[in-house]
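Engineer: These protein sequence lines map, in sequence, to chains A and F.
Numbered per the numbering used here, the first sequence spans residues 5 to 634.
Numbered per the numbering used here, the second sequence spans residues 23 to 256.
Derived from the structure by calculation, the hints contain no laboratory data.
Take the hints with a grain of salt, since some may be wrong.
Pairwise CB distance ranges, derived in the manner of DEER restraints [said to hold, decoys possible]: (1) A:Gln168 to F:Met23: 51 to 57 Å; (2) A:Val157 to F:Leu200: 49 to 55 Å; (3) F:Pro153 to A:His95: 28 to 34 Å.
Under the rule of at most 30 Å between Cα atoms (straight-line distance), these lysine-lysine pairs were calculated in the DSS-like manner [to be verified]: (4) F:Lys220 to F:Lys203; (5) F:Lys151 to A:Lys291; (6) A:Lys383 to A:Lys193; (7) F:Lys151 to A:Lys193; (8) F:Lys231 to F:Lys204; (9) F:Lys231 to F:Lys220.
Using N, Cα and C, we set each Cβ at its ideal position, and we do this for glycine too.
Below, each chain spelled out in residue letters.
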Amino acid sequence: MEFLLVQALSGLASAASLFLVASGLSIIFGVTRIVNFAHGAFYMLGAYVAYMLTTRLAGPIGFWGAILAASVIVAAMGALMEMVLLRRIYHAPELFQLLATFGVTLMVQDLVVVIWGPEDLLGPRAPGLAGAVSLFGRMVPTYDLFLMVLGPVVLGALWLLFHQTRWGVLVRAATQDREMVAALGVNQKWLFTGVFALGVFLAALGGALQIPRTTVTHTMDLSVIVEVFVVVVIGGLGSVLGAFVAAIIVAELNAFGILILPQISLIMVFLVMAVVLVVRPWGLFGKAESAPRPAAGLTIRPWRPFSTAERVAVAVAVAAVATLPFFLGNYALTVGAEILIFVLFAASLHFIMTVGGLASFGHAAYFGLGAYGAAFMVKFLGAPMEAALLVGPVLGLVGAVLFGWFCVRLSGVYFAMLTLAFAQIAWSIAFQWVDVTGGDNGLLGIWPSTWAARPQGFFWLALAVAVIGVGLLRMLVFSPFGYGLRAVRDSTLRAEAIGLDRARLQWAAFVVAGTFAGIAGALYAFLKGSVFPDFMGIPTSVDGLVMVLLGGIETVSGAVVGAVLYKALAIWLMSQTDLSKLVLGAVIVVVVLAFPKGVVGFIEDMRHRWFAPKKAAAEAATLAKVEAAR
Amino acid sequence: MKLQVSNLNSHYGPAHILYDVGLEVGAGEVVALLGRNGAGKSTTFRSIVGLVPQRAGTVVFDGEDVSALPTYEIVRRGLGYVPEDRRIFNQLTVEENFMVGRQAPRPGVATWSPEQLYVLFPNLGEMRKRPGGQMSGGEQQMLTIGRTLMGNPSLVLLDEPSEGLAPKIVEQMADAILTMKKQGLSIVISEQNLHFAKLISDRAYIIEKGRIRFSGTMADLEANPEIRDAYLAV
Chain A
5 MEFLLVQALS GLASAASLFL VASGLSIIFG VTRIVNFAHG AFYMLGAYVA
55 YMLTTRLAGP IGFWGAILAA SVIVAAMGAL MEMVLLRRIY HAPELFQLLA
105 TFGVTLMVQD LVVVIWGPED LLGPRAPGLA GAVSLFGRMV PTYDLFLMVL
155 GPVVLGALWL LFHQTRWGVL VRAATQDREM VAALGVNQKW LFTGVFALGV
205 FLAALGGALQ IPRTTVTHTM DLSVIVEVFV VVVIGGLGSV LGAFVAAIIV
255 AELNAFGILI LPQISLIMVF LVMAVVLVVR PWGLFGKAES APRPAAGLTI
305 RPWRPFSTAE RVAVAVAVAA VATLPFFLGN YALTVGAEIL IFVLFAASLH
355 FIMTVGGLAS FGHAAYFGLG AYGAAFMVKF LGAPMEAALL VGPVLGLVGA
405 VLFGWFCVRL SGVYFAMLTL AFAQIAWSIA FQWVDVTGGD NGLLGIWPST
455 WAARPQGFFW LALAVAVIGV GLLRMLVFSP FGYGLRAVRD STLRAEAIGL
505 DRARLQWAAF VVAGTFAGIA GALYAFLKGS VFPDFMGIPT SVDGLVMVLL
555 GGIETVSGAV VGAVLYKALA IWLMSQTDLS KLVLGAVIVV VVLAFPKGVV
605 GFIEDMRHRW FAPKKAAAEA ATLAKVEAAR
Chain F
23 MKLQVSNLNS HYGPAHILYD VGLEVGAGEV VALLGRNGAG KSTTFRSIVG
73 LVPQRAGTVV FDGEDVSALP TYEIVRRGLG YVPEDRRIFN QLTVEENFMV
123 GRQAPRPGVA TWSPEQLYVL FPNLGEMRKR PGGQMSGGEQ QMLTIGRTLM
173 GNPSLVLLDE PSEGLAPKIV EQMADAILTM KKQGLSIVIS EQNLHFAKLI
223 SDRAYIIEKG RIRFSGTMAD LEANPEIRDA YLAV
């Protein structure tokens with residue numbers, strides 16, 4: 005009994021930092037509508053800067069001063085990012101802002117290693133709080149008790165700030181209607197920057213306060229961002245109180261999950277999140293979004309199938325790619341096959357995002373399930389590659405049927421978060437169910453049949469699958485099913501009024517996307533000869549998102565181009581420099597600033613401006629009328 | 023001249039909405055901008071305060087060209103704007119809504135405090151702590167006007183203040199607007215309701231398909247029923 009109490013106290017101490025970081029994310033989202041992926045990076049920077057300062061400054065004033073100074077310094081960095089980067093893209097589709105902050109995250113990951121080295125760092129204990137107190141016959145660190153008190157204190161301070169100061173009232177007003185706040189004479193630029201600085205300050209403080217408890221590592225950003233997403237979603241985006249309650253729930257689940265069900269401890273949190281989202285789609289304390297913006301914006305030029313000339317061009321391009329095995333070496337062909345596999349993966353995500361209007365943050369789940377499906381066929385049934393490739397993706401399909409049923413009840417950011425949760429559940433199962441999946445060691449020896457064992461053969465196989473897959477997806481876009489999906493995306497109410505079943509259409513789209521991702525995953529298993537849980541990790545999902553956004557979210561098949569560019573660049577950078585993440589992050593940021601419509605969207609704009617200026621103007625006029633009527 | 027708008031052209035994308043709109047408002051004057059649904063009344067107001075990104079033309083307020091300024095700068099010079107759809111902050115209480123609109127006192131202009139607004143709109147005084155989302159349409163209309171008055175404007179653009187309100191509330195609204203006028207406030211009011219406009223306005227403009235079609239006193243408009251029939255009658 006005493007042991008459980010102490011465990012609960014330890015959970016409360018962990019909740020404090022989680023709450024700080026999550027409330028910062030929540031506040032930023034509330035006002036700016038930006039899901040700040042870089043929030044974890046700022047948390048990590050807070051810890052590193054605090055480490056640097058605390059090891060140089062002595063005494064209690066030095067320590068606590070260093071913690072505060074570190075948070076202020078990092079908050080200034082956050083404000084700088086807002087002013088230099090985000091101010092330029094507030095009007096871009098909201099996922100683009102996520103992409104930009106993701107680019108910053110990548111850069112920070114490398115910079116941190118450059119500045120502080122790859123080793124884990126151990127900072128000083130907090131002066132005066134280094135000891136432990138005997139509680140119920142067990143020792144509880146004094147610092148934990150301090151954190152337990154700090155959480156509610158910060159909650160109270162934030163409440164006062166938002167309810168008792170004019171600045172706070174302005175922030176709450178801007179959370180609801182930014183334009184109206186401006187129309188009442190408030191310079192919202194600085195309001196946004198202030199909010200961003202406050203949110204980043206809280207993240208950095210959360211990181212800095214971790215120093216006496218744990219080591220500072222260069223991977224702490226990703227691990228915290230996932231937990232924080234979960235906290236914010238359970239609590240309700242934009243709600244500080246919600247973040248507080250959810251931080252406690254999550255931290256306690258972690259603390260007790262380890263004790264009670266160590267096998268599925270990782271899953272517990274995500275399971276709770278999934279249940280909360282299904283029962284209360286806007287989180288425990290969140291409020292329904294008035295009108296969730298669809299992932300894809302208004303398309304200026306209506307989509308159309310390829311013309312005959314374009315079909316010929318595509319056929320020529322495919323034929324040209326098919327001749328590559330006669331010129332390229334084995335390494336290049338293996339890379340090529342990998343790119344082709346990701347083309348299909350990105351195209352499947354693109355389908356659900358642009359045609360379905362639903363941005364999935366956990367698309368890697370179905371990619372991974374397909375890979376495991378194929379591996380199971382080989383390992384447990386001794387099936388040949390051909391059979392495994394056919395049956396394996398079914399696991400992706402089944403996963404999409406199951407998860408999709410829950411996910412399509414939500415939309416917008418909440419949909420994205422739930423898909424992320426399910427992907428993490430799938431990842432946790434693969435990671436922890438060692439008997440079946442091999443856990444972290446993965447499943448090895450998934451080799452292709454003889455005819456595809458050589459890089460040439462496998463390249464052709466991947467090309468055939470990718471071309472057929474992307475072609476089928478394109479056909480779906482221009483089928484009645486595709487039209488129905490787009491109707492539901494563009495105007496849900498009107499679509500339902502003419503008899504379209506929104507949930508079923510989107511569920512079907514989810515399953516289609518999941519199945520094609522599964523096919524890509526199954527191929528990937530044979531390319532690598534093995535399957536690991538990381539196939540369905542967050543980085544894989546984010547890679548997919550970057551490919552789609554890079555290609556252009558308002559295009560029919562931009563993801564194909566985005567996947568080729570991104571994957572090729574990533575692989576090439578990895579071979580050229582140790583700082584590939586830094587360069588890749590910078591490239592992403594530049595692309596977001598220079599091509600807010602993605603590369604393909606940009607090319608299409610140019611093409612229309614040069615070749616059909618009159619038609620382009622007429623199309624834009626139509627769009628303007630639509631917008632004016634909104 | 024308090025406000026001088028000339029050659030205002032506004033676009034949503036390349037769709038042309040306003041064509042060379044011009045209007046003038048003298049100090050202490052109440053001017054009505056009349057027109058049917060979709061004639062361009064709201065776009066005119068939104069263009070004046072800089073809420074329409076693509077607009078050309080000049081807006082001279084108190085002798086200063088404000089057409090290139092961002093919205094908050096225009097508003098801070100004392101040009102208040104009350105939107106048609108009210109846009110109350112639902113989660114904020116009456117008092118907090120007022121707090122958002124608050125600006126420093128302006129020399130030579132009536133200064134408003136929440137207490138004075140509770141005199142002008144007694145209903146609001148009884149619900150100071152109530153969230154804006156839990157108020158009736160009429161109360162919200164009062165709140166949105168009061169919120170703009172908290173900025174101590176010298177001129178107010180009132181976008182269809184009588185829309186969707188019960189006749190009794192419309193009367194209250196007319197009284198409040200006349201009180202504001204007595205305080206020396208210049209007011210531009212957009213209306214479809216000619217009867218309501220007649221109660222309070224000195225002059226009127228009629229806008230139709232983005233163009234000003236008529237300008238004159240209320241008496242002129244009274245004397246030309248054919249104009250009313252052409253541009254206002256349903």
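Engineer: Can the restraint linking F:Lys231 and F:Lys220 be considered satisfied, given a maximum Cα separation of 30 Å?
Structural biologist: 22 Å, holds
Engineer: A range of 49 to 55 Å was offered for this pair. Does it hold for the Cβ distance of A:Val157 and F:Leu200?
Structural biologist: 52 Å, holds
Engineer: Can you confirm whether the C-alpha distance between F:Lys220 and F:Lys203 stays at or below 30 Å?
Structural biologist: The hint holds at about 14 Å.
Engineer: Is the Cα-Cα distance between F:Lys151 and A:Lys291 30 Å or less?
Structural biologist: 20 Å, holds
Engineer: Given the hint that F:Lys231 pairs with F:Lys204, does the C-alpha gap stay at or below 30 Å?
Structural biologist: 33 Å, violated
Engineer: Quick one: are A:Gln168 and F:Met23 within 51 to 57 Å, going by C-beta?
Structural biologist: 43 Å, violated
Engineer: Is the straight-line distance between the alpha-carbon of A:Lys383 and that of A:Lys193 30 Å or less?
Structural biologist: Not satisfied, since the Cα-Cα distance of roughly 58 Å exceeds 30 Å.
Engineer: F:Lys151 and A:Lys193 were given as a pair; does the straight-line alpha-carbon distance stay at or below 30 Å?
Structural biologist: 29 Å, holds
Engineer: State, for the Cβ atoms of F:Pro153 and A:His95, whether the hinted interval 28 to 34 Å holds or is violated.
Structural biologist: For F:Pro153 and A:His95 the Cβ distance comes to about 30 Å; the hint holds.
Hints 1, 6 and 8 from the list above are not met by this structure, while the remaining hints are.
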